[in-house]
Structures are given as structure tokens and as C-alpha cells.
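Colleague: Those protein sequences? They're chains R and H, same order as listed. According to the numbering used here, the first sequence is numbered sequentially starting from 24. According to the numbering used here, the second sequence is numbered sequentially starting from 18.
Hints in this document: simulated from the structure, not taken from any laboratory. Incorrect hints may have been included.
Some chain R residues judged to face chain H by a derived CB distance under 8 angstroms, without partners named [as the list claims (entries may be wrong)]:
1. Met24
2. Asp41
3. Gln47
4. Tyr76
5. Ala78
6. Gln84
7. Ser88
8. Pro89
9. Asn138
10. Cys139
11. Val151
12. Gly157
13. Glu160
14. Pro161
Even glycine gets a Cβ: it sits at the ideal position worked out from N, Cα and C.
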Amino acid sequence: MREELQKILAPFKGEKKDVIPMLQAVQNEYSYLPEEAFESIAEYSGVPESKVYGAATFYSQFYFSPRGDYEVKVCLGTACHVRGAAQIMESLERELDICCGETTSDYKYSLERVNCVGSCALAPVVMVGDDVYGRLEPKKVKEVLDKSASEV
Amino acid sequence: MRQKFDTIEKEARKAWEELQESGVPQVLVGAATCGNATGGQDVIKAVYKKLKEKNGKAVVKQVGCIGLCYAEVLVDIIKPGMPRICYSEMTPEKAEELIESYLFNDDPRPDMALGHFGEEGPEGIPKISELPVFKSQQRVILKNCGHVDPESIEEYIVNDGYKGLLKCLEQKPEDIVDEVTSSRLRGRGGAGFPAGRKWSSCLKAQADEKYVICNADEGDPGAFMDRSVLEGDPHSVIEGMTIAGYAIGASKGYLYVRAEYPLAIARLRKAIAQAKEKNLLGEDILGSGFNFDLEIFQGAGAFVCGESTALVMSIEGNRGMPKPLPRPRTTEAGLWGRPTLLNNVKTFSVVPQILNKGADWFASIGTEGSPGTAVFALTGKINRSGLIEVPMGIELEKIIREIGGDILDDKEFKAVQTGGPSGGCLPLDKLDLPVDFDSLLEAGSMMGSGGMVVMDKDTCMVDVARYFLDFTFEESCGQCAPCRLGTAQMLSILDDICEGRGREGDIELLLELGDSIIKGTICGLGNTAPNPVLSTIEYFRDEYEAHIRDKSCPALVCKSLIVYTINEEKCNGCGRCRKSCPVEAIIGEKKEPHKIDQSKCTKCGICYQECPDRFGAVERKTGQENLSVVN
Chain R
24 MREELQKILA
34 PFKGEKKDVI
44 PMLQAVQNEY
54 SYLPEEAFES
64 IAEYSGVPES
74 KVYGAATFYS
84 QFYFSPRGDY
94 EVKVCLGTAC
104 HVRGAAQIME
114 SLERELDICC
124 GETTSDYKYS
134 LERVNCVGSC
144 ALAPVVMVGD
154 DVYGRLEPKK
164 VKEVLDKSAS
174 EV
Chain H
18 MRQKFDTIEK
28 EARKAWEELQ
38 ESGVPQVLVG
48 AATCGNATGG
58 QDVIKAVYKK
68 LKEKNGKAVV
78 KQVGCIGLCY
88 AEVLVDIIKP
98 GMPRICYSEM
108 TPEKAEELIE
118 SYLFNDDPRP
128 DMALGHFGEE
138 GPEGIPKISE
148 LPVFKSQQRV
158 ILKNCGHVDP
168 ESIEEYIVND
178 GYKGLLKCLE
188 QKPEDIVDEV
198 TSSRLRGRGG
208 AGFPAGRKWS
218 SCLKAQADEK
228 YVICNADEGD
238 PGAFMDRSVL
248 EGDPHSVIEG
258 MTIAGYAIGA
268 SKGYLYVRAE
278 YPLAIARLRK
288 AIAQAKEKNL
298 LGEDILGSGF
308 NFDLEIFQGA
318 GAFVCGESTA
328 LVMSIEGNRG
338 MPKPLPRPRT
348 TEAGLWGRPT
358 LLNNVKTFSV
368 VPQILNKGAD
378 WFASIGTEGS
388 PGTAVFALTG
398 KINRSGLIEV
408 PMGIELEKII
418 REIGGDILDD
428 KEFKAVQTGG
438 PSGGCLPLDK
448 LDLPVDFDSL
458 LEAGSMMGSG
468 GMVVMDKDTC
478 MVDVARYFLD
488 FTFEESCGQC
498 APCRLGTAQM
508 LSILDDICEG
518 RGREGDIELL
528 LELGDSIIKG
538 TICGLGNTAP
548 NPVLSTIEYF
558 RDEYEAHIRD
568 KSCPALVCKS
578 LIVYTINEEK
588 CNGCGRCRKS
598 CPVEAIIGEK
608 KEPHKIDQSK
618 CTKCGICYQE
628 CPDRFGAVER
638 KTGQENLSVV
648 N
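Use the sequences and the hints to build the structure in full.
Modeller: Shown next, in the form of C-alpha cells:
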């Protein structure tokens, strides 16, 4: 993994301001930040590993464990909230048997909340991968999951 | 300089005119995030398919959003000699039919059309500017969105693009700052700080290097104005930032864009490359000797980074926390300790027009104290959700009733929320309020960056307050105690109220905590965090009291305070609720009245939706007497 990481970091100058872009580049590759990433970035940039880790934990974009094949993102923006997004989230949690922020044991689905995907006219909205499903009701949640799974 | 620009403009115009005079029709498909979410890309495929099948020719372009989110997917067709006609709610099938009818059989299909642009149009199709949704709108910041191809610098130039920059380069930096100051432009990020004052203080600051930063880290959960501008008109932001660079003496700019906006980032990258190629950005711009370069920085997801000092920390590679007080102004010591000019996307994007058309033109729009227009993402329980732009000073009522087409399903209006997590909720009797920075602030809300969420009588205001506070609590950077602990305390009181554990005195405690947070925190996130709670207490105190005293949620939203029951007299025993219940909480024989086992019920509401309207047997109830009967 170290060599792979070095390859990912090579295009960067390794200045302090590159820390967040480097974390993003690593996550783009692995879909999460493996432990080795912090050490490599610290070494490459000279920024202490604690600071690198500190920056990573501050931002909601970064994940610290492997993600599922499908990222199920439930929009909990204001428009979705007033149109019942909480019930959609609960239905998904029940259907996938995981809590928001977790990944199913077969690494098929990860479930998370996001703030506004900008499709407020379709509220409540769920994204599976890049597909947007709008005007959802709790009973339609299973259909959405089945549909995304059939497209494997 | 002018000569160089004239050549660029001439080339662009030539390409544009060739297209207009080629006799080839143009098909414009709304392909911003909202259009794509409703199937924009499938519609494009269908258009190509039909063209291929018929062996026809047309220029198919993806354009940004004209703001009619409720009517997506939008397809516009420009046939030679005809005005541009806009078609709404397109599906791949409908699009194929439309292409066949209009492009090949000259039938403009009034049945599918929303309206036509320009003065004259085919019979049966209304003028788009006279539709209720557009009549009161005034497009300044969004003037190009959905009209020009965001990936074509030529189209931007033909529509007066980069003329503001040219005028700017012909003047002295001081003159530019004066122009911005006399336009009385106020920052569109939320607080409405006079842009001219910021620019002037940056110009005066002495340093070896200065920076321009565009805040495109749109964080308000329920708003997408900045994204639409970036996706639909990226060059206007680039031009505005370049003008700012010249005015304050900076040669480097950063666009801090939310990483969740991949399309906006891609379009910005392309636009930056195009501008550099035409010498409108980069070294020695138009031979003026002025250098300006732009870099995109992807924000990694932190609401507090909307605060200027936190955003600067983030670009520098740190946790995005606001700098402690006392701190120098960002305009004096910002990025890497250098004077930094930080403005919102919409602020920069309107600057080119101010220079091009003059400060007086801009100042003549809107009101005395808040000139110009306001862009809102109008959403929630409203018929026509979308992106709108109105002159400042317009009444809230007009936005909601006329432009928004009133409340969904003819329900009753309850509140309108502006300003996102830093704003407030305004009730019915405030609907005559003019929309401008100062009036909204005075009423306990704020302009914010442009989220406007409409709520009907089925929205619980205590739940809404809890929702926003939950957001700010999660997003608090944790640095100062009043915000970190204060929002946690307020949230736990609101949780209690919503879950039936509210006590007398809770409202007073919330007010007291809110007041201390406002006074004690060090940044704009913290000292506006209590606003949603304070404004709902001010205008909807009775709802808080119902929750606390009667254990009742009048809007039937707060789960702990409602029960689902089946009315035995109405239940026909059809079994739909039983089959759909995810936790098998419903019992009953076929054709016999069913019952809900309250110990298993998770109150997901599926049975309530499933019960056919003709029975209406599943009932939602609230209040102490109903709750105690069931328990």
C-alpha cells in the first residue's frame, strides 16, 4: 500500500496547503482513508501525523472505514426534512439493518445523510450512487434498493 | 487592450452568427443537477436518437438551469425564424415526440409548451415573461443561467461577457473600488456587508501579495443558488474575481467550492482553461500587464468554513476553525497573513455587470438600503419550487403566492424560513414584509445566502427548530464553549419537548441560553445558531406550549407525541396495512377490523399511507388523553 500511496501523492508539492487535497486524492482511490494514509501524508509533507489526522476528522467528507459498493445518501436538507425525510431514513435503516453512517456487513450498501443535493423540487430525495430518486415515501424505499441492486 | 478584446469578441460573434444563420435548429436541454436528477441525460439521448433516426440536423446543447425546478426536464427549441420555445416536464418519450412534431413537421406543440421567449410567438403558446412564475422576477445575477452554454466562452462573450473586465483594465484600481462602492452592492453571502468597504480596505492594505477568495462552500441545507450560478454561468464568477484582483492589487485567487458539487467544479475548470487561452486570465491579461491566476480548492464539508477566518484556515491545510478573538480582519491579514478579499459567488458574478452598465444602473434596482436583486432557492411545501431572482423590496407574499404558486395541495400557509440555520421562521402576518437585508433582520430572520423554505400547517415548528439546532450542533467546530455546550443544552431541551418530557420553564431557559450563545460565541455560525429557536418561540409559542403542557404536537409530526390507531367502525379488514407493516404490528383477520399492537408499532406511518382513502380507517392522534388511552 505504501507504494500505491506514494504514487497518489507524487503529483502534489507536499506543502501544508496540500494536506486536504492529498487526503481527498487518497479517498478518491480507496473510497475511505486507510490508516497508512496519515503516515504517508505526514512523511511526504512534513506536517505532523496528528495534524493530518486532525484535519481529516474535522471534515464530514472523510471516511475512516471501507465503504459499501453503493452509497445510499439520504438528503436531510430543509426542504426534504419538512417533506418527511426522517421517515425515509428510518425505513432505510430498518431495511438495510444498519444505522446512518454504517456499512452493511457484505459491504454492499453504506448509508449516510447529506445536506441538500439541490433537487428540492423532488423532496424527499435519496441518492444511490449517482442516481437520484425523488418524491419518495417510506413504502417505496425497498423498491429503490431493489432497483439499484438489480443494476449490478 | 481594446483592440485585443475586439478581435476576441469578433471571433466569438462570428462563431455565434454562423450558428444562428446556419439554418440549423438548436435544442437546449436543462442539464444542471436538478435537470439531470429528473432524467435530463436520458432526454438528451432520446433527442439524439430521434435526430439520427430521421437523419436530421440540430445543435444539441446542455444548458444550466432557468430555475423552474418543478417543471424539469426542460427542453428549449430555437428554430430559425422562430422564437425560442420552452417545453416542460419532458421525458425521453415526450422529447422524441416533440422533436418529431416540431423539428420535422413544423408543429410547435402548444400542448407541451410552457411558453416562448421574446415578444411574438406561435398561437396557443404564452409569453414566458408573462407567466405568473416569471412576471415579478428580474434576472440580473441569473441572466445567463439556462440561456448561454456554460461550457462556451464564446457565448458568454457574445452576451456582454468580459466587457466589464475590459472597462476595468482601462481604469485605475481606485476607480473600480469607487464604482463598486457607489453601486452600494452588499455581499450576497448572508450578512449583507457593503462590498465597497471590503474592497477599499483591501486596496489600502499594504503587502507583498494579496488574495481574492470566492466562497462557494454553500452550506445552507436547503439551498442551491450558488451551485446554479457556478453550473450555469461560471465565467461571470471568474470575470468578477479577476476584476476584484485588479481592484485590490491581487494576482492570485481561490475558488473554495464544496466537493459535493462535481459538475460545478468541472465547469469551472473548463471555464478557467478557456479564459486563459483567450488571455482573459493568467499572465498579462489583454496586454495590460496585469496578472491574475485562479485555483480551485475543494472544501471537504464543514458548514463553519462559510466563516471567513475558518475558510482561510481550511485553505491553509488546517481544521477549519474560526480564528480566536481578537483577530485581525481578513481584509488586513487573511490567507497566509496577507490582505484577502472574500466574497460570495453571487457577489462576484454581478460585479462585471456593475462595471459594464454602471453603478447607477445597479443602484436603481431594488431598495435604497439593499440595491440589486435577491436570488432564492424557493422550496418546501410549495407548488413551484425553483430558483428565483427578484428585485429587493418585493413582498414575501408575492414570492410565495404568485411566483411559488401557493401552498401544495391547497393547504394552509404556516411559516416561511429564510437564512437557513442562521435565520428564522416568519408567520402569516409577516408576509407583507419587504424582502431586503434590514427588514428580514429586524423581523428576527435574515436574508442569508438565499434559502427560502415554505411550511404548511402540517409542519411542526418545534421540530423545525430542533432540526436546525441539530444541524448547528453537529457543525459547531467545538472551539468556544457557548456554542459547543450551549447548542448541546438547547438541543437536549428541544429533544425533551418533542419527546413529551418538556417542563414548565423550558421556553424561558431556551431564551436565556439563546441569549448567552449570541453574546458569547466568537463567530457567525455560533452567534446566529439560536435564531431558528428564538424566532419560532416568538411567533409560534403556542406550539411549544402545546408540546409541553398537553403533550400534544398540533401538526402531528413529533413521533413520541402521536399514536396510530385503527378506527374499528371504518376498517373494512382489507389487510393492506397489515401486509405493508414492516414490523408486523398490525393484527386482524381478513374482513374483520384490524388493530395495531402499540408495543411493536414504530410509528413509521406506512399504514396511514396505505389505508385506502375510501376507508380512512388509520388515524393519527396526539395529546395526553389519546396517548394515555393507548399506553
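Colleague: Next step is simple, just say for each hint if it's right about the structure.
Modeller: Right, here's what the structure says about each hint:
1. Hint status for Met24(R): violated, given a least beta-carbon distance of 22 angstroms to chain H, over 8 angstroms.
2. Interface hint status for Asp41(R): upheld, as the beta-carbon distance to the closest one in chain H is roughly 7 angstroms, under 8 angstroms.
3. Satisfaction of the interface hint for Gln47(R) is found here, the shortest Cβ-Cβ separation to chain H being roughly 6 angstroms, below the 8 angstroms cut-off.
4. The interface hint given for Tyr76(R) is broken, as the beta carbon of that residue sits about 10 angstroms from the closest beta carbon of chain H, more than 8 angstroms.
5. Taking 8 angstroms as the C-beta contact cut-off toward chain H, the hint placing Ala78(R) at the interface holds, the least distance being around 6 angstroms.
6. Hint on Gln84(R) holds. Least Cβ distance to chain H is approximately 4 angstroms, under the 8 angstroms limit.
7. Among the interface hints, the one on Ser88(R) is violated; its C-beta lies about 17 angstroms from the nearest C-beta in chain H, farther than the 8 angstroms criterion.
8. Look at Pro89(R): its Cβ only gets to about 19 angstroms from chain H, farther than 8 angstroms, so that hint breaks.
9. Annotation: interface hint on Asn138(R) holds; nearest CB of chain H at approximately 4 angstroms, less than 8 angstroms.
10. The closest approach between the C-beta of Cys139(R) and any C-beta of chain H is roughly 5 angstroms, which is under the 8 angstroms cut-off, so the hint is satisfied.
11. Annotation: Val151(R) was flagged as interfacial toward chain H, and the flag is violated, the nearest CB pair being 12 angstroms apart, outside 8 angstroms.
12. Look at Gly157(R): its Cβ gets to within about 7 angstroms of chain H, closer than 8 angstroms, so that hint holds up.
13. Because the closest C-beta pair between Glu160(R) and chain H is about 6 angstroms apart, less than 8 angstroms, the hint holds.
14. Annotation: Pro161(R) was flagged as interfacial toward chain H, and the flag holds, the nearest CB pair being 5 angstroms apart, inside 8 angstroms.
In this structure, the hints that do not hold are numbers 1, 4, 7, 8 and 11, in rising order.
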